[in-house]
Amino acid sequence: AQSVTQLDSQVPVFEEAPVELRCNYSSSVSVYLFWYVQYPNQGLQLLLKYLSGSTLVKGINGFEAEFNKSQTSFHLRKPSVHISDTAEYFCAVSEFDGGATNKLIFGTGTLLAVQP
Amino acid sequence: DTAVSQTPKYLVTQMGNDKSIKCEQNLGHDTMYWYKQDSKKFLKIMFSYNNKELIINETVPNRFSPKSPDKAHLNLHINSLELGDSAVYFCASKGQAYSGNTIYFGEGSWLTVV
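Taken in order, these protein sequences are the chains called A and B. For the first sequence, counting from 1, position 39 maps to 39 in the working numbering; every step adds exactly one. For the second sequence, counting from 1, position 71 maps to 71 in the working numbering; every step adds exactly one.
Source of the hints: derived by calculation from the structure; they are not laboratory data. There's no promise every hint is true.
Derived pair list, reagent style PhoX-like, types lysine-lysine, alpha-carbon separation capped at 25 Å [claimed, not checked]:
(1) B:Lys67 to A:Lys49
(2) A:Lys49 to B:Lys41
(3) B:Lys41 to B:Lys9
(4) A:Lys49 to B:Lys36
(5) B:Lys41 to B:Lys52
(6) B:Lys40 to B:Lys52
(7) B:Lys41 to A:Lys78
All chains, please: the whole structure from these sequences, using the hints.
Right under this line is the structure:
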């Protein structure tokens with residue numbers, strides 16, 4: 001069975017500072033990895049994904065994430081955050097097999113709170 | 001054009017009522033899902049359909065009955081609503097494996113049971 005751990009429930013940061021949101025996963029098979037963002041009272045938007053190839057993945061809004069297989073991590077980073085980045089961020093994993101039974105397993109989310 | 005659309009976005013209803021949430025995707029995907037987000041923001045899969053066939057049922061109470069009239073639609077009907085059903089319900093869809101298994105979500109339906 002797969003699981004996802006987001007170690008920080010909330011990350012406060014000042015505007016223009018760098019940020020890292022941590023994500024670790026557990027799986028007995030190869031996986032795809034995703035980060036989704038949820039702005040207040042809105043739906044889930046795909047931020048970026050790792051499927052294969054380069055372990056450094058760039059996403060929308062200046063975010064990037066690095067897949068580290070040995071540490072089973074997929075941490076999300078941004079070099080300089082804006083007030084508008086304040087949102088809930090979810091790390092998710094799905095099995096590499098990708099069959100009809102494939103599903104996303106989510107972490108518990110990290111609230112990124114950007115302060116002026 | 002919205003890829004995955006669900007209606008209504010907000011729904012307030014009394015305990016014991018029956019309500020439905022509709023979902024449609026225009027991505028041509030074969031697989032659709034319902035996810036539930038509870039008050040602590042935790043997201044968990046409820047159901048998955050592939051080409052109108054039920055594939056995943058994550059031990060959801062049988063008051064919840066999904067229906068897929070075609071592969072572009074997956075509706076969720078809830079009978080005898082309870083206070084604990086208050087949550088945000090997300091519809092989602094996924095294409096074939098060659099598209100990277102990316103799952104696209106709708107905007108959510110905020111259900112409040114009073």
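Which hints, by number, does the structure contradict?
Going through the list in order, the structure violates hints 1, 5 and 6 and respects the others.
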